[in-house]
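Going down the list, the sequences are from chains A and B.
So the first sequence is numbered by my numbering: it starts at 1 and just counts up by one.
So the second sequence is numbered by my numbering: it starts at 1 and just counts up by one.
Any given hint could be a false lead.
Said to hold, decoys possible - Derived DSSO-like pairs (lysine-lysine); straight-line CA-CA distance at most 30 angstroms:
1) B:LYS199 with A:LYS99
2) B:LYS235 with A:LYS95
3) B:LYS235 with B:LYS259
4) A:LYS51 with B:LYS218
5) B:LYS218 with A:LYS105
6) A:LYS35 with A:LYS53
7) A:LYS105 with B:LYS199
FYI, nobody ran anything at the bench for these hints, they're computed from the structure.
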Amino acid sequence: MFTQFLNKKADLLESLDPDRIYVENVRSFLNLPTKAAKLLCEMAVKQRLFKKKHGVYCPTCDRLVKSFDNLDEVDSTFECDVCRELEEPQYQFNKSEMKILTFYKLLDKIND
Amino acid sequence: MNIERDVLSRLLKSYPVSSLRTYFDLTGLRQDDLVEDVLSSRTRGEILIFAFEQFGYLHQHIYIFDLNTTASSTFNLAGGIVVSDNAVDGKRILNLTFRTEFSYFNPSSLSEEELYFMTPVIVELNGLRAVIKINILERNVNNYFNHKVFPTGRNIEDSDIIGRIRTAMGGSMSFTPTDVTVGVKYLWENNFIDAAYVKFKKSRSTTTESMDEEHTLKDSMPDVYTQITSAPLDKNVFRVLEDVDEFINTFAIEPRNGKIAITRFPNMLNSADRLVQMIIDNN
Numbered sequence: 001m002f003t004q005f006l007n008k009k010a011d012l013l014e015s016l017d018p019d020r021i022y023v024e025n026v027r028s029f030l031n032l033p034t035k036a037a038k039l040l041c042e043m044a045v046k047q048r049l050f051k052k053k054h055g056v057y058c059p060t061c062d063r064l065v066k067s068f069d070n071l072d073e074v075d076s077t078f079e080c081d082v083c084r085e086l087e088e089p090q091y092q093f094n095k096s097e098m099k100i101l102t103f104y105k106l107l108d109k110i111n112d
Numbered sequence: 001m002n003i004e005r006d007v008l009s010r011l012l013k014s015y016p017v018s019s020l021r022t023y024f025d026l027t028g029l030r031q032d033d034l035v036e037d038v039l040s041s042r043t044r045g046e047i048l049i050f051a052f053e054q055f056g057y058l059h060q061h062i063y064i065f066d067l068n069t070t071a072s073s074t075f076n077l078a079g080g081i082v083v084s085d086n087a088v089d090g091k092r093i094l095n096l097t098f099r100t101e102f103s104y105f106n107p108s109s110l111s112e113e114e115l116y117f118m119t120p121v122i123v124e125l126n127g128l129r130a131v132i133k134i135n136i137l138e139r140n141v142n143n144y145f146n147h148k149v150f151p152t153g154r155n156i157e158d159s160d161i162i163g164r165i166r167t168a169m170g171g172s173m174s175f176t177p178t179d180v181t182v183g184v185k186y187l188w189e190n191n192f193i194d195a196a197y198v199k200f201k202k203s204r205s206t207t208t209e210s211m212d213e214e215h216t217l218k219d220s221m222p223d224v225y226t227q228i229t230s231a232p233l234d235k236n237v238f239r240v241l242e243d244v245d246e247f248i249n250t251f252a253i254e255p256r257n258g259k260i261a262i263t264r265f266p267n268m269l270n271s272a273d274r275l276v277q278m279i280i281d282n283n
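Using the sequences and the hints, build the whole thing.
Below, the structure is given as structure tokens:
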């Protein structure tokens, strides 16, 4: 049973993208409440283990269109090129229509 | 609002500024100025010649069909105008225009009004293959007003235009969309293109992969790409990886329906034609 548990954790870890770590990834890996997982991520930022990123998501297709280091860097308008190609009625959005989600990037101590 | 000058103005505005400036040898910078220059110095006939010679720069839907028999010389088009019908490089090329009417409710006049557009269409007939290229019109009527209007519909869609072309060629002619899945997968396998968005069939579900930012599927998720190589493709958005300057950065395609959508100005006049030919040649 313990081996099964470890294998599951190993699978979760393997599927993780070190450039895109969401609070939910941490919550499910460590089996913590969401608030605690969020706190842990923020502590990791302070410890310079994680870098905080803000992803702008297209309200039509939910695709991550662009990511930023700081919220004040987010452009006032953006275009989802996939929705444009798919000829969705709306593919250009302003800041108030954007969905912004926070994620974290694992810092490479040598390169980052 | 719908006099010939207005309709021709809307037609000219669907071309890139660089095309207008180069073709008509103009020096203006703003699109409105260039269009005004053309309208005041050129005839309707000259503008139509421009429209078809520079068609390759338009946003367009391209449909590829298999025909059951070679087309006869008969072409009795109803609900459209045949601008020219010529043989070029062994192909029969028909240049057509259709009037598309967008209706909308205008709060300023408190009435339903219509905006007319001239839609240029090219039909290429080559043996048992037909390629129909239809200019994609501006979908947002609001872009033509300084105040908000409420679109209520349009009188014809691509399917109506294709139906009229089929009827014009005679009742016994059948158009079957060419399945270009093999051609698309060949270009994908050879890294000419990679997907930004892909919708494909699994045995018991339909899966969509929409790639974040500028990532592409084969590059980022080779295991998923391997699954797709044997799966039927639905709707996809591809980024061109090679010779981008000579083609188009991105395009959408429904391979099983033989339909390609180009919603940006191609980088060169023959970019769209070359892309279609590459898909057909490798199909």
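Checklist entry - LYS218 (chain B) and LYS105 (chain A): Cα distance at most 30 angstroms? => result holds, 23 angstroms
Next on the checklist: Tell me if the straight-line CA distance from LYS199 (chain B) to LYS99 (chain A) falls inside 30 angstroms.
Outcome noted: holds, 23 angstroms
Next on the checklist: LYS35 (chain A) and LYS53 (chain A) were given as a pair; does the straight-line alpha-carbon distance stay at or below 30 angstroms?
Outcome noted: Status holds; Cα separation ~18 angstroms.
Checklist entry - CA of LYS235 (chain B) to CA of LYS259 (chain B), is that 30 angstroms or under? => result holds, 9 angstroms
Next on the checklist: Just to be careful, I want the Cα atoms of LYS51 (chain A) and LYS218 (chain B) compared with a cutoff of 30 angstroms; is the pair within it?
Outcome noted: With Cα atoms ~27 angstroms apart, LYS51 (chain A) and LYS218 (chain B) stay inside 30 angstroms; holds.
Next on the checklist: Given the hinted pair LYS105 (chain A) and LYS199 (chain B), is their Cα-Cα distance within 30 angstroms?
Outcome noted: holds, 28 angstroms
Item to check | Agreement of LYS235 (chain B) and LYS95 (chain A) with the hint, judged by alpha carbon distance not exceeding 30 angstroms | outcome: Distance ~29 angstroms between LYS235 (chain B) and LYS95 (chain A) Cα, so the pair holds.
In summary, the structure agrees with every hint in the numbered list given earlier.
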